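**Q** For reference, the chains in residue letters:
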Amino acid sequence: MRRRWFFLGGVLLFFMGLWVLEARPGELVPNEGGRTVAGDFFKAAFQPAVNFEDPEMQSGEVSFFEKLGKALWLTVRYALVAMSLALVIGIVGGVLGSRAWWSRPNLFLQVLRIGVRLLATAVRSVHELMWALLFLSAIGTSPLAAVFAMALPYGGTLAKVFSELLDEGESSAAEVIRVSGGGGFTAFFAGVVTSALPDLATYALYRLECAIRSSAVLGFVGIPTLGYEIKTAYEDGHYREIWTYLYALLVLVVFFEWWGAKVRSQLMNGVAARRVMEGDCGLASLWKARGRSWFLRASVVLLLFGVTAGWLVEDKWGAGVSWEQRMRNLDRFTDEIVPFPVREADGDWGEFGPWFEEKMSDGGTKAVWRTFHLGTAAILLAGIVALVGVRFAARTLVSSSPRGVREGNSRHRELLALLLRGGSMLARAMPEYILAFLLLRVFGPTVWALIFALAIHNAGILLRLGAEVIDNTSSQASSVILAQGGSRSSAFVGALLPVGFNRLVLFLFYRWESCIREATVLGMLGVSSLGFLISDAKVSFFYDEMLLWVGLGAGLVFLGDLTSDLVRHKLRGKTS
Amino acid sequence: MKPRFFLMLEFQSAGLAYGGIKALEAIDLSIQPGEQVCLIGPSGAGKSSLLGLMNGRLAATSGAVLLDGKNLGELSGKNLKQVRSSIAWVPQDLGLVPNLRVNQNVACGRAARKGLAGLLKSLLVMGKGEKEEIAALLKRVGIKEKIFTRVDHLSGGQRQRVAIARALYQDPQIILADEPVSAVDPERAKSLVELLTNLAREEKKTLVMSLHDVGLARRFFDRVIGMREGRIVLDGRPDDIGVEELYRLD
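Quick mapping for you: the protein sequence lines, in order, are chains C and V.
First residue of the first sequence? That's 1 in the numbering used here, and the numbers climb one at a time after it.
First residue of the second sequence? That's 1 in the numbering used here, and the numbers climb one at a time after it.
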């Protein structure tokens with residue numbers, strides 16, 4: 001019954017979202033100009049550029065692949081440098097936001113913990129692209145602005161997740177150390193941090209993969225990463241170059257995903273020790289035979305090398321602008337973020353209320369409402385696509401013996417599953433912002449492009465998570481249905497879906513929160529929502545308005561975050 | 001201050017209640033240094049609570065628990081840590097860190113003595129002397145060849161031996177073990193209880209272990225304490241207690 005209401009509510013919310021967003025079905029078919037652009041663009045996918053399309057550039061000093069290599073390196077480099085800062089923020093915030101290191105609770109520690117968690121949530125509520133706009137407006141163009149723009153929200157996210165992992169890692173190992181006279185800190189490090197370390201490292205690697213995507217997207221606000229090259233190639237009409245950049249980005253992200261998965265597997269499962277000769281129990285022999293992973297060691301060395309090189313190689317973190325100029329920029333920015341009427345009235349904040357009301361009725365309320373519905377409609381669409389896809393992508397359902405019941409040859413099903421998994425991987429690898437940028441060129445300026453961009457990326461993620469849930473669900477009922485002649489779909493709908501439903505909903509809410517966060521910036525591509533107001537205010541140098549819209553976006557994400565946390569907390573109890 | 005040898009545990013009408021519900025009724029009990037005591041009784045009889053009072057994990061809500069004459073409930077901070085460093089605890093789930101190696105888990109037994117810096121050093125770059133000391137200890141519990149193996153790669157029985165080794169490495173005066181063999185088959189349970197009681201005897205350590213198996217209790221311990229509904233209903237040498245009386249506890 002509850003599931004039925006959930007589905008019904010979802011469908012209603014989806015159509016209400018389309019109505020609010022004024023997404024007309026007629027806009028789903030591109031106009032003639034759009035069709036030509038789309039045709040040319042997709043045709044170019046089969047002929048990615050191996051040289052500049054502009055003949056003049058071909059005879060230039062820099063080759064196409066040098067340019068591509070530089071953009072790739074900068075994308076990775078800014079991600080690594082930003083993550084190194086984010087890790088410091090995440091570790092400090094994660095420990096302070098956790099209760100696992102307390103010897104005994106007291107009011108100060110409670111207040112500190114709640115304060116740090118709220119701060120972490122607030123910092124991550126502002127999208128990295130918005131942070132980038134704020135930093136660029138405040139201090140001018142600088143690679144350091146891009147690095148801080150990523151480091152802050154990523155640091156907040158790491159702090160939040162680290163503190164949760166540390167609290168969950170509270171184990172009886174820590175209790176044994178504490179009860180045996182070890183102090184609170186000793187028990188925390190030896191019993192909690194050591195237990196949680198594989199999860200902490202795995203999550204940090206996952207965020208590095210996200211940072212690479214974000215680093216590419218920052219190219220759209222002028223940082224010379226892959227996004228910058230994609231944007232300029234589009235403006236020049238060089239579609240084949242775009243595809244080369246896109247393929248390079250996909251390879252990069254897929255490589256980091258593969259690498260992260262392999263590191264995770266080795267951290268979680270360890271490496272088996274080699275056998276020693278019978279009777280040879282000398283410590284030296286046992287030490288030599290211990291399980292060790294060269295892959296993990298090489299990964300650590302490479303990461304350290306990459307981060308060090310990332311920091312040291314840059315010879316112009318300040319991007320050639322003098323310190324005095326930056327200070328002047330900052331002074332002007334801090335003056336101008338104060339609402340205009342307040343400035344005019346010599347700092348009388350009584351003027352803020354009417355100004356705020358005016359801005360909200362001028363389009364602010366509508367933009368917030370549209371942003372909320374953009375994220376919600378997209379995640380619902382992604383959820384529906386993923387739900388259908390999971391049935392055909394789950395390994396335990398497509399094999400020749402689904403759920404252990406022999407069914408005979410199913411090569412075509414396995415091929416379809418492979419295609420779905422491959423498609424899901426590509427969808428995950430492609431940043432929503434870049435997808436939206438490209439889809440807007442195909443569909444024209446319609447909100448459908450943004451809905452599809454968000455839905456495609458999130459459907460990829462949900463399909464993978466959903467297939468894992470179904471594959472890991474142990475259900476004798478599904479085998480019974482199959483053994484009694486039922487179809488795979490019957491086993492899925494009748495047995496597996498009811499068991500895994502809460503977990504699937506849990507993931508949906510987890511992604512909904514991310515969708516709302518992304519929705520706040522997608523409007524910057526020119527479709528009416530908060531992002532549109534932000535970029536409009538930026539172009540007009542109305543920093544007071546820009547900050548207001550960024551704050552509203554952050555407030556929306558903050559509320560989405562809290563709601564999602566609350567729902568997931570409630571659901572988690574019902575999934576174990 | 002070095003812990004004094006041969007600590008005596010004494011319960012003086014010690015009671016324990018959780019939110020008004022009594023887990024232990026005024027317990028009077030004294031455990032002599034070097035004694036091998038088995039607590040036996042059905043689930044919910046109060047065995048774990050009694051063990052919790054012995055190392056100050058729980059504080060008596062009435063009466064007192066004395067260790068070497070000191071009221072555990074009144075100790076705090078450094079004094080409590082000092083007393084605790086002379087009591088080892090093996091919880092039911094063993095309290096091991098699964099992704100650490102055996103030698104690193106055993107090294108955690110000396111967390112109190114080493115302090116944070118010393119323990120981190122042991123975990124990251126353990127010295128040769130410490131490795132040899134731990135290897136000798138693991139040899140006594142029969143798993144020396146597993147010294148550098150991750151704990152989550154060991155069998156259930158091997159993990160129990162690691163927990164025993166960690167307790168011995170602490171060099172305590174008293175070992176408290178809360179149903180440490182509840183998850184293994186009877187044959188393995190027998191060999192583990194035999195191992196722990198023998199080691200405790202050799203090292204002249206007090207051992208207090210809670211068990212479900214009456215046969216093991218009668219065979220390996222000097223003294224059996226039977227509990228039911230938070231009370232001690234039997235207390236004596238195994239030979240002096242009838243088998244029926246013990247089985248009637250359940």
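Since the hints were derived computationally from the structure, they do not count as laboratory data.
Any given hint could be a false lead.
[What the hints assert, rightly or not] List of simulated lysine to aspartate or glutamate pairs, DMTMM-like, C-alpha gap at most 20 Å:
1) V:Lys78 - V:Asp93
2) V:Lys139 - C:Glu164
3) C:Lys288 - V:Asp185
4) C:Lys288 - V:Glu145
5) C:Lys262 - V:Glu145
6) C:Lys262 - C:Glu278
7) V:Lys144 - C:Glu278
[Unchecked claim] Okay, the calculated bits of chain C under chain V, using three or more residues with CB under 8 Å as the criterion:
8) 192-203
9) 538-549
These figures come from a predicted structure and were not determined experimentally.
Here a beta-carbon is modelled for each residue, glycine too, at the ideal position from N, C-alpha and C.
**Q** For each hint, tell me whether it holds in the structure or not.
**A** Hints, verified against the model:
Of the pairs offered as hints, the one joining Lys78 (chain V) and Asp93 (chain V) is violated, with about 27 Å between alpha carbons and a cut-off of 20 Å exceeded. Only pairs whose Cα atoms come within 20 Å are accepted, and Lys139 (chain V) paired with Glu164 (chain C) is rejected, the gap being roughly 39 Å. For a cut-off of 20 Å, the pair hint linking Lys288 (chain C) to Asp185 (chain V) is broken: about 33 Å separates their Cα positions. Restraint check for Lys288 (chain C) and Glu145 (chain V): satisfied, since their Cα atoms lie roughly 12 Å apart, inside the 20 Å limit.
Restraint check: the Cα-Cα separation between Lys262 (chain C) and Glu145 (chain V) comes to about 28 Å, which exceeds 20 Å; the hinted pair is violated. The hinted pair formed by Lys262 (chain C) and Glu278 (chain C) fails the criterion: a straight-line CA distance of about 32 Å is larger than 20 Å. Between Lys144 (chain V) and Glu278 (chain C) the CA atoms are separated by roughly 13 Å; this keeps the pair inside 20 Å, and the hint holds. Coverage of the region 192-203 of chain C by chain V holds in this model, with 4 residues showing a Cβ closer than 8 Å to a Cβ of that chain against a need of three.
Beta-carbon proximity to chain V at under 8 Å applies to 0 residues in the region 538-549 of chain C; the threshold of 3 is not reached and the given coverage is violated.
Figure legend: structure checked against the earlier numbered hints; hints not met, in rising order: 1, 2, 3, 5, 6 and 9.
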